[in-house]
Amino acid sequence: MSTPLQVTARLRDPVTTDDHIRGPADAAVTIVEYGDFQCQFCGAAYPNLHELLRQRADTVRLVYRYFPIANVHPYAERAAETAEAAGVRGRFWEMHDWLYEHQDQLDPVHLSLGVEQVGLPPDELNAEVENRAHADRVRRDFVGGIRSGVNGTPTLFVNGIRHDGGYDLPDLLTAADAAANA
Amino acid sequence: MSDPNGLIQPGRTAPGFTLPATPDGALLGPEQFRGRPVVLAFYPADWSPVCGDQMSLYQSAAPVFAQYRAVVLGLSVDSIWSHRAFAESRGIEFPLLADFEPKGEVARSYGAYMPNGEAARALVVLDPAGKVTWSYLSPPDVNPGADGIFDALDQLAADRKVMAG
Chain A
488 MSTPLQVTAR
498 LRDPVTTDDH
508 IRGPADAAVT
518 IVEYGDFQCQ
528 FCGAAYPNLH
538 ELLRQRADTV
548 RLVYRYFPIA
558 NVHPYAERAA
568 ETAEAAGVRG
578 RFWEMHDWLY
588 EHQDQLDPVH
598 LSLGVEQVGL
608 PPDELNAEVE
618 NRAHADRVRR
628 DFVGGIRSGV
638 NGTPTLFVNG
648 IRHDGGYDLP
658 DLLTAADAAA
668 NA
Chain B
547 MSDPNGLIQP
557 GRTAPGFTLP
567 ATPDGALLGP
577 EQFRGRPVVL
587 AFYPADWSPV
597 CGDQMSLYQS
607 AAPVFAQYRA
617 VVLGLSVDSI
627 WSHRAFAESR
637 GIEFPLLADF
647 EPKGEVARSY
657 GAYMPNGEAA
667 RALVVLDPAG
677 KVTWSYLSPP
687 DVNPGADGIF
697 DALDQLAADR
707 KVMAG
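For the record, the sequence lines run as chains A and B.
Just so we're aligned, residue 488 is where the first sequence starts under my numbering, counting upward by one.
Just so we're aligned, residue 547 is where the second sequence starts under my numbering, counting upward by one.
Since the hints were made in silico from the structure, they are not lab data.
There could be a bad hint or two in this list.
Here are a few chain B residues that sit away from chain A, every Cβ distance over 12 Å (derived from the structure) [unchecked claim]:
(1) Arg558
(2) Phe563
(3) Pro569
(4) Leu573
(5) Gln578
(6) Phe579
(7) Ala607
(8) Val610
(9) Ser625
(10) Ala631
(11) Arg636
(12) Ile638
(13) Glu651
(14) Met660
(15) Ile695
(16) Ala710
Distance ranges between label pairs, derived from CB positions [what the hints assert, rightly or not]:
(17) B/Thr559 <-> A/Gln527: 41 to 47 Å
(18) A/Arg619 <-> B/Asp697: 25 to 31 Å
(19) A/Arg619 <-> B/Arg580: 33 to 39 Å
(20) B/Glu634 <-> A/Gln527: 17 to 23 Å
(21) B/Gln613 <-> A/Thr504: 24 to 30 Å
A few chain B residues that face chain A, going by a derived Cβ cut-off under 10 Å, partial list only [as the list claims (entries may be wrong)]:
(22) Asp599
(23) Gln600
(24) Ser602
(25) Leu603
(26) Pro674
By construction, the Cβ of each residue, glycine as well, lies at the ideal position given by its N, Cα and C atoms.
So here's chain A without its partners, still in its complex pose (with noise of 0.2 Å):
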């Protein structure tokens, strides 16, 4: 729902190791997602990245950054402390693909039963999403992505670029090699 009036907006924070990448370090084109594990146009987008990063898996990466609405979405900061106490045992990408595939299942109870199945300790992460031992990372995630022009969720930048259009697999096709030619 853009239109062409829209100023481009830019990503502001630049891609770093400390971001949860997925795909070649060389790849040509950079996605980078602000989402929000509890939101249903994100749980929609999820198939279509996969995809998009399954057939163009040379020349797309893709960046995950969080962005939880927690007014709306009640369990999705806590789903986004989860994910980033996976990511610190080196099982980010797991957990993500967890949380997008349980959407209906995100309440404290069925999330510890996700964290068990992505074979990590649920007590043990709990305990740090308690402590809010991660909120600072999803806060500042959220901070850049705001800076950034981030207005809703999912929000895609390509190569720094916002992306005002859809998220079915064709409409990011057409992004991802537009970028990559440009």
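Start from chain A and add chain B according to the hints.
Then chain B, alone, in the frame of chain A:
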């Protein structure tokens, strides 16, 4: 009645007003917040379908607004009752002001009223003295985000440092 010059521009003194506001219907307006930057976020209507609701976004950014000591006020022509239900459903804790009677009077005075009877999707940032420092008119169906607001608040903070120095 609508300002023929369009949306109010930087440098002008912001028209004063008070309107009934959520949660309790108390009268609120920008003059009550002198000494702090004030963000006026005019929007077409409660419940309007925008992908990623603008007021929800601003609520989620509340800690960032707080760093600037900025006050955010949402304004539309909806009644206080609609505002209350909307605020409750989206978890919006900052005030939503009802520009309801006379309808759209405040929006008109800022050049942010549309012929269809709704407020425009317009952002106006006031400095701590109540002068307009930045304004932006967005297409009604596009959530303008908050990056422009924070750039304006950064600029205000930088200007103040220069004045103090």
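We went through each hint and held it up to the structure:
1. Arg558: holds, 22 Å
2. Phe563: For B/Phe563, whose nearest Cβ neighbour in chain A is about 27 Å away, the distance exceeds 12 Å, so it holds.
3. Pro569: Holds, since 14 Å exceeds 12 Å.
4. Leu573: It holds; B/Leu573 is separated from chain A by about 25 Å at its closest Cβ, greater than 12 Å.
5. Gln578: holds, 24 Å
6. Phe579: holds, 22 Å
7. Ala607: violated, 5 Å
8. Val610: For B/Val610, whose nearest Cβ neighbour in chain A is about 6 Å away, the distance does not exceed 12 Å, so it is violated.
9. Ser625: Correct as stated: the minimum Cβ-Cβ distance to chain A is 22 Å, above 12 Å.
10. Ala631: Label holds. Min Cβ-Cβ 15 Å, cutoff 12 Å.
11. Arg636: violated, 6 Å
12. Ile638: B/Ile638 is in fact no farther than 12 Å from some Cβ atom of chain A, at 7 Å.
13. Glu651: holds, 27 Å
14. Met660: holds, 15 Å
15. Ile695: violated, 9 Å
16. Ala710: At about 24 Å from chain A, B/Ala710 clears the 12 Å cut-off, so the statement holds.
17. B/Thr559 <-> A/Gln527: 41 to 47 Å: Distance hint for B/Thr559, A/Gln527 holds at roughly 44 Å.
18. A/Arg619 <-> B/Asp697: 25 to 31 Å: holds, 29 Å
19. A/Arg619 <-> B/Arg580: 33 to 39 Å: holds, 35 Å
20. B/Glu634 <-> A/Gln527: 17 to 23 Å: holds, 21 Å
21. B/Gln613 <-> A/Thr504: 24 to 30 Å: Cβ of B/Gln613 to Cβ of A/Thr504: about 27 Å, so the range 24 to 30 Å holds.
22. Asp599: Check passed: Cβ of B/Asp599 comes within 7 Å of chain A, closer than 10 Å.
23. Gln600: Status holds, d = 7 Å.
24. Ser602: Interface hint status for B/Ser602: holds (5 Å vs cutoff 10 Å).
25. Leu603: holds, 6 Å
26. Pro674: Interface hint status for B/Pro674: violated (22 Å vs cutoff 10 Å).
Comparing the model with each earlier hint shows violations of hints 7, 8, 11, 12, 15, 26; every other hint is respected.
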